[in-house]
Amino acid sequence: AQNQPFHHSRPSGWLACCCSYHNGQNKARLGQVALPLQWRTFMTSADLFDIVQYKLSDIGEGIREVIIVEWYVKPGDKVNQFDSVCEVKSDKASVTITSRYDGFVRKLYHEVDAVALVGQPLLDIEIEESAESEKQEDVREIDGGSVSKDEEDKKSLATPAVRRLAIENKISLSDVIGTGKDGRVLKEDVIRYLESKQVAQFEKSSASKDVPSSQSTSIPQTPLGKSIPTSAAKVEFPAQPVSSPAQVGEDRTVPLKGVNKAMFKIMSEALKIPPFGYYDEVDVSQLVDMRKRLKVIAQQRGIQLTYMPIFIKAVSLSLLQYPILNSSLDAASEHITYKASHNIGVAMDTPEGLLVPSIKNVQSLSIFEIAAELNRLQSLGLAGKLGTAELSGTTFSLSNIGAIGGTYARPIIMPPNVAIGAIGKIQILPRFAAQGAIKEAHIMNISWSADHRVIDGATMARFSNLWKQYLEEPTTFLLNLK
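In terms of UniProt numbering, the sequence shown opens at residue 1 and continues consecutively.
Since the hints were made in silico from the structure, they are not lab data. C-beta: ideal position from N, C-alpha, C; glycine also. Check the hints yourself; a few may be wrong.
[To be verified] Each computed SDA-like pair below joins lysine to any residue, with the alpha-carbon atoms no more than 25 Å apart:
#	residue 1	residue 2
1	Lys295	Thr306
2	Lys89	Lys295
3	Lys89	Pro255
4	Lys339	Lys468
5	Lys261	Arg462
6	Lys385	Gln304
7	Lys187	Lys265
8	Lys261	Gln363
9	Lys78	Ile63
10	Lys89	Met414
11	Lys74	Ala114
12	Lys89	His110
13	Lys468	Gly387
14	Lys89	Leu117
15	Lys292	Tyr278
16	Lys89	Leu186
17	Lys339	His452
18	Lys74	Ile171
19	Lys468	Ser328
20	Lys339	Leu398
21	Lys187	Gly387
22	Lys425	Ala298
23	Lys468	Tyr322
24	Lys360	Lys385
25	Lys425	Gly387
26	Lys468	Phe368
27	Lys265	Glu87
28	Lys425	Arg462
29	Lys292	Glu472
30	Lys261	Tyr279
31	Lys468	Arg293
[To be verified] Between beta-carbon pairs, the in silico distance windows are:
#	residue 1	residue 2	range
32	Arg301	Arg106	48 to 56 Å
33	Arg164	Pro351	37 to 45 Å
34	Pro274	Thr350	25 to 33 Å
35	Glu250	Ala383	32 to 40 Å
36	Asn260	Arg431	24 to 32 Å
37	Gly384	Asn480	33 to 41 Å
38	Thr350	Leu479	15 to 23 Å
Input sequences plus hints: build the corresponding full structure.
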């Protein structure tokens, strides 16, 4: 028994200093106890713990670096599995990083707003040695054939804790994409999969507003040939307040981060595209009347119906006739990929900057379904919670500059897409009706940009004319009902 190592807790660690040796004897004194000299290894509680260097795992979409937005822990804090340790933001989405272990935080490798690289240390966690040993034992897997879903789950690389989490939530590990080494399924992979499968419930956003239309201004009318009388009295204007001298500040140089850095990269790539611009105006007077009627029904269903879902559906119907505009171009290999799904991106002005989430499979959605999804994306954008799933996969984009007040724009194509549209505000303008009469019309301008390497002007014009027809004569939507 004397040759066995002695485990004790941290308060007894002073024993390591109480052992003295005699030069001529192979004995050691520990108080009044004589022990062989060969037994001289003391293990404190520190030996029962391991420091695990927690590295930032791949969060998908080829992202190689992120910015630390906020730390939820500090050195010395106790963390449990699934506890959130920090929030990071890439050029595409914000992601919450969770702990894989139970233990104590010992070191943070980055400050807030610093750049962290995928695969590099994020923080150190002190865990029990038994947990680490269990982790090492858990990685042993036996290769075998797969004939059923259960056997596929057994083949999936994952720890027992991850398997238990999957079983409790009725998830097949074979359906979860592992981001760990050799495709290992981590706990955050399961959590991310759960989040992607849940149907988020959001409150109605009051921030989504209709496309503003101008109001007619009343101008005083006078009989022809007569002038409007003016007062002869001298008009006095209030004295302008004396402004204080402007404060001269100092120049600041800051690195591009997050959304701004992503925009820099995308726009730099966009400069390589020779754009073709096409502009037109659309009389949406009938559409305005139709939306007024549909808006009441939408509100009864808890949906806020703006013009944008109608514009998006009209784009999808037009893409069915001109699928090349829903393609992606690989300039390096000189190949075009025609996309089967109409994933229409909608440019949004969010607190984080310009983001373009996409509404997936628009070709299979009704106008009300598009409106509901748009409401959801707008709520996520305002809350800064747009994820990779929402911000990826766009095949065609629309930008509603009319919501801010513009009429025309020259939208920039986002590679690898080949086309994009910018919608102006709706204005009440005079237009000629039949037999030369002047009528009041709701006019909206549209601006298209297309990659002239693969899209010719005639194709863009025909696509625009078809889209315009759907909006000017909304009853034509009925022709595509199945």
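Cross-check of the supplied hints:
1. Only pairs whose Cα atoms come within 25 Å are accepted, and Lys295 paired with Thr306 is accepted, the gap being roughly 8 Å.
2. Taken as a hint, the Lys89 and Lys295 pair is broken in the structure, with Cα atoms around 37 Å apart against an allowance of 25 Å.
3. Of the pairs offered as hints, the one joining Lys89 and Pro255 holds, with about 15 Å between alpha carbons and a cut-off of 25 Å not exceeded.
4. Of the pairs offered as hints, the one joining Lys339 and Lys468 holds, with about 23 Å between alpha carbons and a cut-off of 25 Å not exceeded.
5. With a C-alpha separation of about 36 Å, the suggested pairing of Lys261 with Arg462 is violated against the 25 Å cut-off.
6. Annotation: proposed proximity of Lys385 to Gln304 holds, straight-line Cα distance about 20 Å (limit 25 Å).
7. This hinted pair does not check out: Lys187 and Lys265 have alpha carbons roughly 32 Å apart, beyond 25 Å.
8. Distance hint between Lys261 and Gln363 is unfulfilled; the C-alpha atoms sit about 32 Å from each other, more than 25 Å.
9. With a C-alpha separation of about 29 Å, the suggested pair Lys78 and Ile63 falls outside the 25 Å cut-off, and the hint is violated.
10. Under the criterion of a C-alpha separation no larger than 25 Å, the hint pairing Lys89 with Met414 is consistent with the structure, at around 21 Å.
11. For the hint linking Lys74 to Ala114, the alpha-carbon distance of about 16 Å falls within 25 Å, and the restraint holds.
12. Of the supplied pair hints, the one linking Lys89 and His110 holds, its CA atoms being roughly 14 Å apart against a limit of 25 Å.
13. Simply put, Lys468 and Gly387 have alpha-carbon atoms about 33 Å apart, too far for the 25 Å limit, and the pair is violated.
14. A C-alpha spacing of about 12 Å is found between Lys89 and Leu117, which places the hinted pair at or below 25 Å, so the restraint holds.
15. Only pairs whose Cα atoms come within 25 Å are accepted, and Lys292 paired with Tyr278 is rejected, the gap being roughly 30 Å.
16. At roughly 20 Å between alpha-carbon atoms, Lys89 and Leu186 fall within 25 Å of each other, so this suggested pair holds.
17. Restraint check: the Cα-Cα separation between Lys339 and His452 comes to about 19 Å, which is no more than 25 Å; the hinted pair holds.
18. This hinted pair does not check out: Lys74 and Ile171 have alpha carbons roughly 33 Å apart, beyond 25 Å.
19. For the given pair, Lys468 sits about 24 Å from Ser328 by alpha-carbon distance, which is consistent with the 25 Å threshold.
20. With a C-alpha separation of about 17 Å, the suggested pair Lys339 and Leu398 falls inside the 25 Å cut-off, and the hint holds.
21. A hinted pair counts as satisfied when its Cα atoms are at most 25 Å apart, and Lys187 with Gly387 qualifies at roughly 18 Å.
22. Between Lys425 and Ala298, the direct Cα distance comes to roughly 22 Å. Compliance with the 25 Å bound is thereby established for this hinted pair.
23. The hinted pair formed by Lys468 and Tyr322 meets the criterion: a straight-line CA distance of about 14 Å does not exceed 25 Å.
24. Of the pairs offered as hints, the one joining Lys360 and Lys385 holds, with about 18 Å between alpha carbons and a cut-off of 25 Å not exceeded.
25. As the CA atoms of Lys425 and Gly387 are separated by approximately 29 Å, the hinted pair breaks the 25 Å bound.
26. For a cut-off of 25 Å, the pair hint linking Lys468 to Phe368 stands: about 20 Å separates their Cα positions.
27. The hinted pair formed by Lys265 and Glu87 meets the criterion: a straight-line CA distance of about 23 Å does not exceed 25 Å.
28. Between Lys425 and Arg462 the alpha-carbon distance is near 22 Å, which keeps this suggested pair within the 25 Å criterion.
29. With a C-alpha separation of about 15 Å, the suggested pair Lys292 and Glu472 falls inside the 25 Å cut-off, and the hint holds.
30. Only pairs whose Cα atoms come within 25 Å are accepted, and Lys261 paired with Tyr279 is rejected, the gap being roughly 30 Å.
31. About 21 Å separates the Cα atoms of Lys468 and Arg293, which keeps this hinted pair within 25 Å; it holds.
32. For Arg301 and Arg106, the Cβ-Cβ distance of about 53 Å falls inside the hinted range of 48 to 56 Å, so the restraint holds.
33. With their beta carbons about 38 Å apart, Arg164 and Pro351 fall inside the hinted range of 37 to 45 Å.
34. The hinted range of 25 to 33 Å is satisfied by Pro274 and Thr350, whose Cβ atoms lie roughly 30 Å apart.
35. About 34 Å separates the C-beta atoms of Glu250 and Ala383, a value consistent with the hinted range of 32 to 40 Å.
36. The hinted window of 24 to 32 Å between Asn260 and Arg431 is violated, with their beta carbons roughly 42 Å apart.
37. A hinted range of 33 to 41 Å for the beta carbons of Gly384 and Asn480 is consistent with their spacing of about 37 Å.
38. Checked against the hint of 15 to 23 Å, the pair Thr350 and Leu479 fails, with Cβ atoms roughly 36 Å apart.
In this structure, the earlier hints numbered 2, 5, 7, 8, 9, 13, 15, 18, 25, 30, 36, 38 are contradicted, and the remaining ones agree with it.
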